[in-house]
Amino acid sequence: MKFCFICGSLQIGHDGVGDYVRRLASELINNGHQVVIVALNDTYLSAIEYAEQAYEDTVINVFRLPANMPSGKRYANLNKYVSEFKPDIISLQYVGFAFNKYGLPIDILRLKKIAQGVKLHIMLHELWCGMAVNAGLKEKVLGKAQQLFLKLLISVLSPESIFTSINPYALYLSRIGVHADVVPIFGNIPVTELGDQEEWADLVEKANLSALSSAPQNWLIAGFFGTTYNRPGLKELLETTAATAKSAGLKFGVLAIGHGRGQNVSELLTNIADAAYWQTGPLSPGMINRSMELVDLGVVTSPVDGIDKSGSAITWMERGIPVLISAQDKTYKKTGMIALGVYQANSQTDVLEAYKVKNKLIPKSRIKQVAMAYTVCGLN
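Quick note on my numbering: the sequence shown kicks off at 3 and runs consecutively.
Just so you know, these hints were derived from the structure itself, not from any lab.
Simulated crosslink set (DSS-like; lysine-lysine; CA at most 25 Å straight-line): (1) 88 to 114; (2) 103 to 75; (3) 75 to 115; (4) 248 to 362; (5) 142 to 311; (6) 142 to 332; (7) 146 to 311; (8) 4 to 121; (9) 115 to 103; (10) 336 to 237; (11) 362 to 335; (12) 146 to 114; (13) 370 to 4; (14) 248 to 237; (15) 114 to 75; (16) 253 to 208; (17) 121 to 370; (18) 335 to 366; (19) 360 to 248; (20) 114 to 4; (21) 248 to 358; (22) 358 to 336; (23) 237 to 335; (24) 311 to 362; (25) 4 to 115; (26) 82 to 115; (27) 311 to 336; (28) 115 to 88.
Pair ranges (Cβ atoms, derived): (29) 295 to 158: 40 to 50 Å; (30) 335 to 382: 28 to 38 Å; (31) 307 to 272: 23 to 33 Å; (32) 362 to 119: 44 to 54 Å; (33) 4 to 138: 37 to 47 Å; (34) 335 to 276: 28 to 38 Å; (35) 118 to 367: 31 to 41 Å; (36) 335 to 177: 15 to 25 Å; (37) 201 to 360: 23 to 33 Å; (38) 60 to 134: 30 to 40 Å.
Quick caveat: nothing in here was measured; it's all calculated off a predicted structure.
The beta-carbon is built from N, C-alpha and C at its ideal position, and this holds for glycine as well.
Produce the entire structure from the sequences given, and follow the hints as far as they go.
Below is the structure:
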């Protein structure tokens with residue numbers, strides 16, 4: 003089967019949806035399918051680019067159209083590319099803001115003509131802004147406009163199938179008359195890649211990790227990966243975790259892996275005596291995995307009701323590392339979450355329980371399940 007994925011950008015490591023599609027494309031290619039990816043509004047380049055991108059050992063053909071190109075030219079180029087490739091299915095990976103700064107990409111309705119005679123699928127990674135209870139008036143007004151546009155988009159394009167990533171999104175969509183199948187996302191970092199020893203030794207020296215890497219059994223390490231949001235209760239979570247470490251006779255430290263966007267976690271450690279802090283900076287997939295081996299508890303700052311679309315949460319879970327969330331997250335339900343290895347830091351007892359299940363959780367990769375869902379979608 004021939005798949006053509008359309009997303010906003012394909013700058014490796016800088017666009018979550020682009021990284022998602024790249025890994026999915028790799029899995030589909032390894033299953034015997036032909037796959038191309040088009041970046042329709044790529045802000046990371048200024049000229050058209052035909053290129054090859056790789057995920058692990060799999061090479062994927064990509065076509066990147068710069069955001070600074072007039073819309074008419076971008077869609078004309080897309081039409082030509084699709085006509086030449088002759089896909090069996092076009093999959094639009096939709097995030098409104100990826101195609102328009104207001105999240106209202108009216109031009110994308112041109113896909114109706116481009117996709118004539120081809121199965122059209124839409125994956126709704128995001129719906130509309132202003133959903134949060136504490137959203138401001140401007141955000142809610144814009145969100146309403148985005149909601150109306152999304153209804154128009156689906157009405158005009160009439161896709162054969164629609165996916166979204168979490169149950170709450172499917173519920174929101176049902177309220178506006180749209181049926182979507184829930185297909186979970188997966189982590190974008192390959193689990194098996196570990197780099198080489200020389201690269202690891204360089205990182206240990208650069209990030210001053212020797213005290214931790216030489217005796218990890220002496221530490222209780224809270225890990226952060228991806229964007230950290232300053233959610234209510236995050237400071238208290240760290241204080242509870244530090245107190246748990248002290249009670250267990252362990253040193254306490256925080257390891258921030260990767261770019262470290264968002265909240266500066268080190269600022270939350272000022273009142274915790276003897277807390278250690280390490281920041282790795284940007285890393286290769288292999289070094290991300292090696293760093294994560296040092297982590298006992300992965301801290302996630304996304305709301306727990308959306309944890310199935312949190313890239314950082316899924317990255318921890320795919321490695322069997324327990325996830326810790328704030329005690330102030332009111333949507334946490336212990337029964338379902340414990341089965342996933344997600345714990346709420348209400349007390350030292352909770353943190354200790356999470357700490358003890360590391361290496362006992364069974365890591366689950368979702369990529370094969372997701373690839374099968376796309377394959378079935380193309381066959382139906």
